[in-house]
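Positions in the first sequence are counted from 1; adding 46 to them yields this note's numbering.
Hint data in this document are derived by calculation from the structure and do not stem from the laboratory.
All C-beta atoms, glycine included, are put in the ideal place defined by N, C-alpha and C.
Only true hints are included.
Restraint ranges, calculated between C-beta atoms of paired labels, are given here:
1. W70 x N399: 22 to 32 Å
2. F91 x M65: 16 to 26 Å
3. N448 x F91: 45 to 55 Å
4. G424 x L391: 16 to 26 Å
5. K464 x T290: 38 to 48 Å
6. D369 x Q231: 42 to 52 Å
Here are the simulated lysine-lysine pairs, DSSO-like style, with alpha carbons at most 30 Å apart:
7. K322 x K207
8. K444 x K455
9. K266 x K207
10. K322 x K198
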Amino acid sequence: MNSIISSVKGTRDFYPEDMAIRTWLYQMVKEVSEVFGYSEYEGPFIEKIDLYAAKSGEELVKEQAFVFEDRGGDLISLRPELTPTLARMIAQRQKQLVFPQRWWSFGPFWRYERPQKGRTREFFQWNIDLLGTDSAVSDAELITVCAYFFNKVGLSPDEVKIFVNSRKLMDQILEELSISPELKQDIFRLIDRKEKLSPSAWKDYADNLGLSEQQFEGLKSVLNDKELWKRSEDLVTVFETLNTIGFGDYVVYDPQIIRGLDYYTGIVFEAKDIDKEGRSILGGGHYGNLVGDVGGDPLPGVGFAMGDVMARIILEKYGCLPDFASSTADVLVTVFDEALFNDSLKIASELRNAGIKTICFTEVTKFQKQLKYASRIGVPYLIIVGPDEKEAEEVTFKDLNNRTQENLKRSEMVRIIKEKLA
RNA sequence: GUGGCUGUAGCUCAAUGGCAGAGCUCCGCACUGUGGAUGCGGCGGUUGAGGGUUCGACCCCCUUCAGCCACCCCA
47 MNSIISSVKG TRDFYPEDMA IRTWLYQMVK EVSEVFGYSE YEGPFIEKID
97 LYAAKSGEEL VKEQAFVFED RGGDLISLRP ELTPTLARMI AQRQKQLVFP
147 QRWWSFGPFW RYERPQKGRT REFFQWNIDL LGTDSAVSDA ELITVCAYFF
197 NKVGLSPDEV KIFVNSRKLM DQILEELSIS PELKQDIFRL IDRKEKLSPS
247 AWKDYADNLG LSEQQFEGLK SVLNDKELWK RSEDLVTVFE TLNTIGFGDY
297 VVYDPQIIRG LDYYTGIVFE AKDIDKEGRS ILGGGHYGNL VGDVGGDPLP
347 GVGFAMGDVM ARIILEKYGC LPDFASSTAD VLVTVFDEAL FNDSLKIASE
397 LRNAGIKTIC FTEVTKFQKQ LKYASRIGVP YLIIVGPDEK EAEEVTFKDL
447 NNRTQENLKR SEMVRIIKEK LA
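Can you build the whole structure from these sequences, using the hints too?
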């Protein structure tokens with residue numbers, strides 16, 4: 047045990063039961079994306095560091111990327127996010143693509159961070175973007191995709207909520223409070239921290255930024271104003287659209303949603319557990335110009351990303367994960383003795399040719415051991431071929447769950463088993 | 001990058017500074033063509049790693065690694 051080389055910090059081993067969950071999640075994401083007419087795409091897992099230099103938050107690249115030098119001396123990064131890659135891919139074909147484009151992806155990402163709950167160094171992320179449109183209804187569509195996904199996997203509006211705000215509205219508020227644009231990032235951070243700090247600590251934070259008493263009070267009352275969204279045309283449209291479509295229950299206005307990434311320019315949103323337990327499940331928003339930094343023509347859009355780590359935590363918490371069969375085989379063929387080994391192998395082959403997932407025991411051992419093995423790995427059905435069965439041109443077909451068994455004619459075996467499995 | 005908690009058998013956990021244990025799992029047998037039960041037996045450990053204090057360390061100290069949690073940031 048001591049000699050086993052440990053896995054890389056922050057990575058996860060996907061044992062079959064974990065892989066089943068990951069695959070299931072991918073299926074859900076795929077079905078939701080495609081029912082909205084989005085096309086799947088994928089980029090490289092490694093990129094030149096330059097791609098990220100201009101974009102993203104600086105910290106994301108400078109401090110959280112896995113960077114190495116290749117043999118040619120270029121600095122290469124394991125991708126910490128997909129948006130810059132998407133921007134490049136779009137920019138390269140900007141002249142030939144018909145907009146709006148609807149794209150989605152599900153793949154691995156790496157960030158060199160300290161692992162904790164809901165956060166690993168290697169994780170999977172669902173990215174979905176609607177490109178080349180500036181309308182608030184587009185923003186509403188992406189939020190609908192979120193809600194649709196939650197609904198599909200069985201997370202109710204009593205369990206998760208999508209919190210929505212508008213960067214544009216917040217900009218306007220800051221202007222009205224006469225807060226200088228240079229302070230904008232700091233104020234956004236201040237807003238972001240309100241929940242995490244005690245009231246007095248939060249006040250200290252504000253004082254340190256140089257907010258006047260008047261500005262501080264103004265900001266505070268704005269953040270408590272649940273009706274503030276009515277001042278934003280975009281937000282009004284978003285909420286109206288969602289109510290029309292019927293997913294309004296999932297959505298709630300929250301003036302404290304800001305989002306860290308600075309390329310968001312309009313609607314921003316993130317989904318969280320209703321009691322705000324843990325980190326957000328997904329986050330996204332409207333960006334004014336996706337491809338500007340990689341040399342394309344200005345192109346707006348809206349999109350979000352969902353990480354698999356937090357998604358699994360929430361799905362587990364609310365019991366939304368289906369029961370996955372412990373074995374992927376439906377039938378196990380036992381081996382009676384050396385003389386009948388070939389008969390078992392042939393029967394197994396016959397079943398496989400008919401598309402039935404079949405395991406054949408590969409050694410001659412005590413029957414009890416084979417039966418126990420079948421039971422332990424969770425195969426539902428057993429085929430027994432002994433001298434009696436061979437003589438009668440039959441097999442014994444045993445249902446391990448019901449503990450019943452019957453004899454099947456060899457000629458009818460495949461047909462009957464297929465019926466049972468249907 | 002900062003701080004806190006935790007590392008003992010495959011798993012869950014015990015052991016006042018004094019012989020490293022239990023339950024579960026696993027394997028074997030009782031059981032020569034029928035599993036989960038029961039009984040009996042067995043395998044299993046450099047106590048995460050390295051150093052120090054001590055007659056003696058799972059226990060105290062230092063270092064390091066890993067996991068978890070929070071900050072930061074974000075999926």
